Amino acid sequence: MKPRELFIAFWTIVVKEIRRFMRIWPQTLLPPAITMTLYFIIFGNLIGSRIGEMGGFDYMEYIVPGLIMMSVITNSYGNVVSSFYGTKFQRNVEELLVSPIPNWIILSGYVVGGVSRGVGVGLIVTLLSLFFTDLQVHHLFVTISIVLMTSILFSLGGFINAIYANSFDDISIVPTFILTPLTYLGGVFYSIQLLPEFWQGVSMLNPILYMVNTFRYGILGVSDINIVFAFSMLLAVIAVLFSYSLYLLQKGKGIRS
Amino acid sequence: MTAALSIRNLCKTYDNGFEALKGVSLEVQQGDFFALLGPNGAGKSTTLGIVSSLVNKSSGEVEVFGHSLDKAHAQAKMCLGVVPQEFNFNQFEKVMDIVTTQAGYYGIAPRLARERAEFYLKKLGLWDKRNQVSRMLSGGMKRRLMIARALVHEPRVLILDEPTAGVDIELRRSMWAFLQEINRAGTTIILTTHYLEEAESLCRNIAIIDHGRIVKNTSIKALLQQLNTETFILDIDPPQSVLPALNGYKARLEDDHTLVVDVEKTQGLSGLFAELSQQRIEVQSMRNKANRLEELFVSLVDKNLKDEKSA
Ligand SMILES: Nc1ncnc2c1ncn2[C@@H]1O[C@H](COP(=O)(O)OP(=O)(O)OP(=O)(O)O)[C@@H](O)[C@H]1O
Ligand SMILES: [Mg+2]
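Line by line, the protein sequences are chains A and B.
As numbered in the numbering used here, residues 707 to 963 make up the first sequence, in order.
As numbered in the numbering used here, residues 2 to 312 make up the second sequence, in order.
Hints should not be assumed to be uniformly reliable.
[Claimed, not checked] Restricting the straight-line Cα-Cα distance to at most 27 Å, the calculated cross-link-like pairs of lysine-lysine (DSS-like) are:
1) A:K794 x B:K310
2) B:K307 x B:K23
3) B:K222 x B:K290
4) B:K95 x B:K217
5) B:K72 x A:K794
6) A:K708 x B:K217
7) A:K957 x B:K23
8) A:K959 x B:K23
9) B:K130 x A:K794
10) A:K794 x B:K143
11) B:K307 x A:K957
12) A:K957 x A:K794
13) B:K130 x B:K143
14) B:K72 x A:K959
[Claimed, not checked] A short list of chain A residues far from chain B (calculated; beta carbon distances all over 10 Å):
15) L736
16) I747
17) S814
18) L833
Read the hints as simulated data drawn from the structure, not as lab findings.
None of the values given here were measured: they were computed from a predicted structure.
C-beta: ideal position from N, C-alpha, C; glycine also.
Construct the entire structure; sequences and hints are all you get.
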């Protein structure tokens, strides 16, 4: 395929993906808006006013970046895992398999679809947070790149999950048992400096901690971790997941008998 | 001229160890109207699945217009349009979107994609359903939607896996006419079917596959010529209680006024009538028994089964 045709094919997948989550917005866009508003009210306003400062900021100011990041993570992952699994399940993945689209375009299309929802929901949550706090972005470049990279990473994760999944149950196992705990323990609600030294060490093994803190650094200018290290790690993980996804597609794992 | 489709020594063993194809070789010429016949589970869908990249082969070679599926898969896929046996579009998407999205996968720009979608949806009588969600279509409409989707990039070969299964007679006829029309316009057509009359009236060449092996690959004409006996059913008067002696003809009485006769090609019918009139038996009406192709098919498949058992 020529570059122009490749781009059309890529864009077709992206548009299809965006159309999908817009069509089912009560399942995709509305729930995070409601949940996050509840978090803002309960943790930010009601409880937050009793907590006082965290990392030198109002508790509300402190958790807003964490909650935005949490939405980006769950929605990027959730979009790709359910969309690609659905495609497999209804067998319309065959539409892609018979066509001449190279695998890296298929993968990129789905990832950009996931990023669109992740970033879209992130924006919705950001707008909602403005009702509760003032947001000032400290480092715009850091903020934008960490959101994009996190979103790409979790879209890839969702893709791999979808490839391995054999039932609708399989697509909720990883989010429930891995993603949610890691996110809650990833410094969304607290600074790990509050933890005893041993648990600080353990927390440093949690990749989500790096994403949340880098994003918080972008907005507030404070972080528990080294930003350069965070970016390098993210790049490396993205590269690994991308290659692994391509390998699975090439093999036809779960999609070609 | 390069063949539209060339398959050499294709083998497929599924993950569960089942050997579905045991060395299938086939050639379909450009412009042909080709049928792949075989009983349930023979390996038709597996063969076409490998050709359309839906199934991984275990070994063997596939070329589409000279493009190897291994070495030049993008070019090969560009030449292919695929209508699978089972519905495989997104149930929640609209008819129009399904067709234009597929066009996009082939790199066709949105404007042209919409024009093509309009053309083929109109051709297949689905234009007024274009904004319906595909789940709401009837079975026959869904099948036509898959045909429109397969044609949107104007492939040189159209592969259809049982296109007329579950389609009513009228629709089947119009589908045949449509396929013949695009075949005349130059598209090579390969289909599988369980209706032998369909193969007989549409196709020029056929292959019969059974237990993962090609047991016959020939033209319809040659195949029909091969049939050297034909069976006739005669309504006779007066009723006969014992089988009349018919010199040289193999016959049996179905009931006292129905006579079934196997006529060899060399024998002809006049001898039979002469015999009957000599015995003052009148023939009131006569018809051909069943589909001749069907019998041949059954005998080929039976023979393959015996060969397999003795091997
Ligand atoms: N995914 C699979 N795993 C294991 N065995 C399979 C698989 N798909 C098909 N088979 C087996 O391979 C054989 C050939 O199947 P195939 O679908 O190619 O038959 P077919 O000729 O298309 O039959 P039909 O006329 O019923 O559509 C069958 O015995 C089938 O059970
Ligand atoms: Mg089949």
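**Q.** Hints the structure fails to honour
**A.** The structure conflicts with hints 1, 4, 6 and 11, although it agrees with all the remaining ones.
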